[in-house]
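Novice: Please take these sequences and the hints and turn them into a complete structure.
For the protein sequence lines, the chains are A and B, in the order given. First residue of the first sequence? That's 1 in our numbering, and the numbers climb one at a time after it. First residue of the second sequence? That's 1 in our numbering, and the numbers climb one at a time after it.
Don't read these hints as lab results, they were simulated from the structure. One should not assume that every hint holds.
To be verified - The calculated DSBU-like cross-link candidates involving lysine-lysine, where the alpha carbons are at most 30 Å apart (straight line), are:
no., chain 1, residue 1, chain 2, residue 2
1, A, Lys-100, B, Lys-267
2, B, Lys-43, B, Lys-166
3, B, Lys-163, B, Lys-21
4, B, Lys-21, A, Lys-4
5, B, Lys-43, B, Lys-261
6, A, Lys-111, A, Lys-4
7, B, Lys-163, B, Lys-43
8, B, Lys-21, A, Lys-100
9, A, Lys-4, B, Lys-10
10, A, Lys-84, B, Lys-267
11, B, Lys-9, A, Lys-84
12, B, Lys-246, A, Lys-101
13, A, Lys-84, B, Lys-62
14, A, Lys-84, A, Lys-4
15, B, Lys-43, B, Lys-21
16, A, Lys-100, B, Lys-246
17, B, Lys-246, A, Lys-84
18, B, Lys-10, B, Lys-166
19, B, Lys-246, A, Lys-112
20, A, Lys-111, B, Lys-246
21, B, Lys-62, A, Lys-100
22, B, Lys-9, B, Lys-21
Stated by the list, open to error - FRET-style restraints, in silico, Cβ to Cβ:
no., chain 1, residue 1, chain 2, residue 2, range
23, A, Phe-5, B, Asp-237, 27 to 35 Å
24, A, Ala-9, B, Arg-253, 42 to 50 Å
25, B, Asp-18, A, Val-12, 34 to 42 Å
26, B, Arg-106, A, Asn-64, 20 to 28 Å
27, B, Lys-43, A, Asn-64, 39 to 47 Å
28, A, Gly-39, B, Lys-263, 51 to 59 Å
Built from N, CA and C at the ideal position, the CB exists for glycine as well.
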Amino acid sequence: MLDKFPRTAVDVFIEVLQADGGTRCAALTAASVALADAGIPMRDMVAAIAAGKVADTVILDVNNEEDQAGQADMPMGYMPNIGKITLLQLDGVLTPEEYKKCIEVGIDGCKKVYELQKQALNDKYFGNRD
Amino acid sequence: MANIIDELKKNQILELLDQGKRIDGRNLDQTRELSIEINAIPKANGSARVRLGDTEVICGVKIQPDRPFPDMGDKGIFICTAELLPLSDPSVETGPPGPDVIELARVVDRGIRESHMVDLSQLVIEKDKSVVGVFADNVAVDYDGNLFDACSYAATAALLSSKTPKWNWTDDAPVLAEGEESDVPITTIPVSVTMGKIGNHIIVDPNADEWASMDARITITSDSDGNICALQKGGVDGFTQEEIFKCGEISVRIGAQIREKLKEAQKGA
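Specialist: Spelled out as structure tokens, the structure:
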């Protein structure tokens with residue numbers, strides 16, 4: 001919500017320490033949590049995960065080997081409260097049915113990631129501090 | 001490519017869409033008139049000139065021996081590029097391409113590459129040493145929105161009409177075999193369909209005014225089997241799950257129509 005702080009730039013720095021597939025999705029997920037942690041007003045968080053197809057099976061969270069050997073990779077970013085897909089890309093061949101399945105699996109995955117994001121923020125601000 | 005559209009026009013586009021109409025009178029899922037001219041540049045290995053409404057793109061295909069990528073010694077090389085001539089639009093200047101033009105080239109390349117249109121395994125001269133490189137270079141000469149699809153159709157049409165020379169591996173070097181030309185090995189015909197989202201409306205093949213008003217866009221490429229082989233979303237707004245499903249259906253349906261036009265153009269050459 002950039003209108004809340006005019007004439008201000010927010011820089012997000014992301015460093016990938018180890019790459020095993022899904023770096024973009026992990027980075028997006030981390031950036032969202034970091035922005036929330038910084039107290040930046042936002043319309044929603046973005047949770048991200050990749051769906052894909054390996055050995056004719058639709059899978060969630062494609063790792064490096066699966067990406068290299070797989071048939072399709074579909075990274076997705078999703079705003080769970082607004083219900084909007086903000087990042088979507090696909091490399092690889094999917095039938096129309098598999099395409100729908102991948103979207104559904106991806107959105108479900110993003111919702112799970114979102115729960116973990118919320119958990120992380122909850123733990124920091126409302127967790128047991130002993 | 002960045003167009004400054006006045007707020008009045010943007011409001012007009014949105015008001016019309018709310019009534020189910022578009023600023024140029026098309027239906028929401030209707031593309032503009034598409035004309036495909038094969039062999040527009042006869043000296044190239046293959047070429048095409050595509051007009052999508054007033055958007056015009058020329059694609060030339062260059063085919064030459066090249067070193068394979070280190071991890072793909074048994075595959076030829078395919079690279080697709082795109083650039084805008086300064087004469088295509090007042091906002092385009094000479095010099096290195098901006099991020100939007102780089103994205104254009106990548107989206108067009110991805111759509112064709114991921115469909116495996118060109119059978120790269122048939123483009124090996126000598127394994128690990130020399131392969132055939134196929135380069136499809138798009139140049140936009142006139143800009144009225146949706147260069148993604150115009151470039152994609154131009155590159156696909158040019159590839160369909162391309163003839164590849166033959167090289168033999170002699171004395172550790174590729175040697176041209178005179179007079180031996182063949183079609184580029186093609187496995188499928190990919191067709192990209194780009195859709196824009198303005199407000200809650202999904203429109204196919206946005207023109208320049210619509211392109212400048214879009215909240216988000218999505219480019220989906222389907223192959224001859226009606227499968228989806230590449231997708232790229234852009235812009236700041238998001239799509240709901242239903243919208244993404246709908247865009248998938250539209251792209252396969254419209255893609256099949258465009259594919260027939262590409263086939264016709266190839267036959268007519």
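Novice: Confirm or reject each hint.
Specialist: Tested hints:
1. Lys-100(A) <-> Lys-267(B): Roughly 35 Å between the alpha carbons, so the hint for Lys-100(A) and Lys-267(B) is violated.
2. Lys-43(B) <-> Lys-166(B): Holds, because 17 Å separates the two Cα atoms, which is no more than 30 Å.
3. Lys-163(B) <-> Lys-21(B): 43 Å, violated
4. Lys-21(B) <-> Lys-4(A): Roughly 35 Å separates the two Cα atoms, so the pair is violated.
5. Lys-43(B) <-> Lys-261(B): Satisfied, since the Cα-Cα distance of roughly 24 Å is no more than 30 Å.
6. Lys-111(A) <-> Lys-4(A): 27 Å, holds
7. Lys-163(B) <-> Lys-43(B): Roughly 11 Å separates the two Cα atoms, so the pair holds.
8. Lys-21(B) <-> Lys-100(A): 29 Å, holds
9. Lys-4(A) <-> Lys-10(B): 24 Å, holds
10. Lys-84(A) <-> Lys-267(B): Violated, at roughly 43 Å.
11. Lys-9(B) <-> Lys-84(A): Given pair Lys-9(B), Lys-84(A) holds - Cα atoms ~26 Å apart, limit 30 Å.
12. Lys-246(B) <-> Lys-101(A): 14 Å, holds
13. Lys-84(A) <-> Lys-62(B): Given pair Lys-84(A), Lys-62(B) is violated - Cα atoms ~42 Å apart, limit 30 Å.
14. Lys-84(A) <-> Lys-4(A): Holds: Lys-84(A) and Lys-4(A) sit about 22 Å apart, inside 30 Å.
15. Lys-43(B) <-> Lys-21(B): 44 Å, violated
16. Lys-100(A) <-> Lys-246(B): The given pair, whose Cα atoms are some 10 Å apart, holds under the 30 Å limit.
17. Lys-246(B) <-> Lys-84(A): Holds, at roughly 14 Å.
18. Lys-10(B) <-> Lys-166(B): 53 Å, violated
19. Lys-246(B) <-> Lys-112(A): 25 Å, holds
20. Lys-111(A) <-> Lys-246(B): Holds, at roughly 22 Å.
21. Lys-62(B) <-> Lys-100(A): Outside the cut-off at roughly 37 Å; violated.
22. Lys-9(B) <-> Lys-21(B): 14 Å, holds
23. Phe-5(A) <-> Asp-237(B): 27 to 35 Å: Given range 27 to 35 Å: violated, Cβ gap about 21 Å.
24. Ala-9(A) <-> Arg-253(B): 42 to 50 Å: Between Ala-9(A) and Arg-253(B), where Cβ atoms are some 43 Å apart, the hint holds.
25. Asp-18(B) <-> Val-12(A): 34 to 42 Å: 36 Å, holds
26. Arg-106(B) <-> Asn-64(A): 20 to 28 Å: Cβ of Arg-106(B) to Cβ of Asn-64(A): about 21 Å, so the range 20 to 28 Å holds.
27. Lys-43(B) <-> Asn-64(A): 39 to 47 Å: Taking Cβ atoms as reference, Lys-43(B) and Asn-64(A) lie about 44 Å apart, which means the hint holds.
28. Gly-39(A) <-> Lys-263(B): 51 to 59 Å: Since the Cβ atoms of Gly-39(A) and Lys-263(B) sit about 57 Å apart, the hinted range of 51 to 59 Å holds.
Violated hints, in rising order: 1, 3, 4, 10, 13, 15, 18, 21, 23; the structure is consistent with all others.
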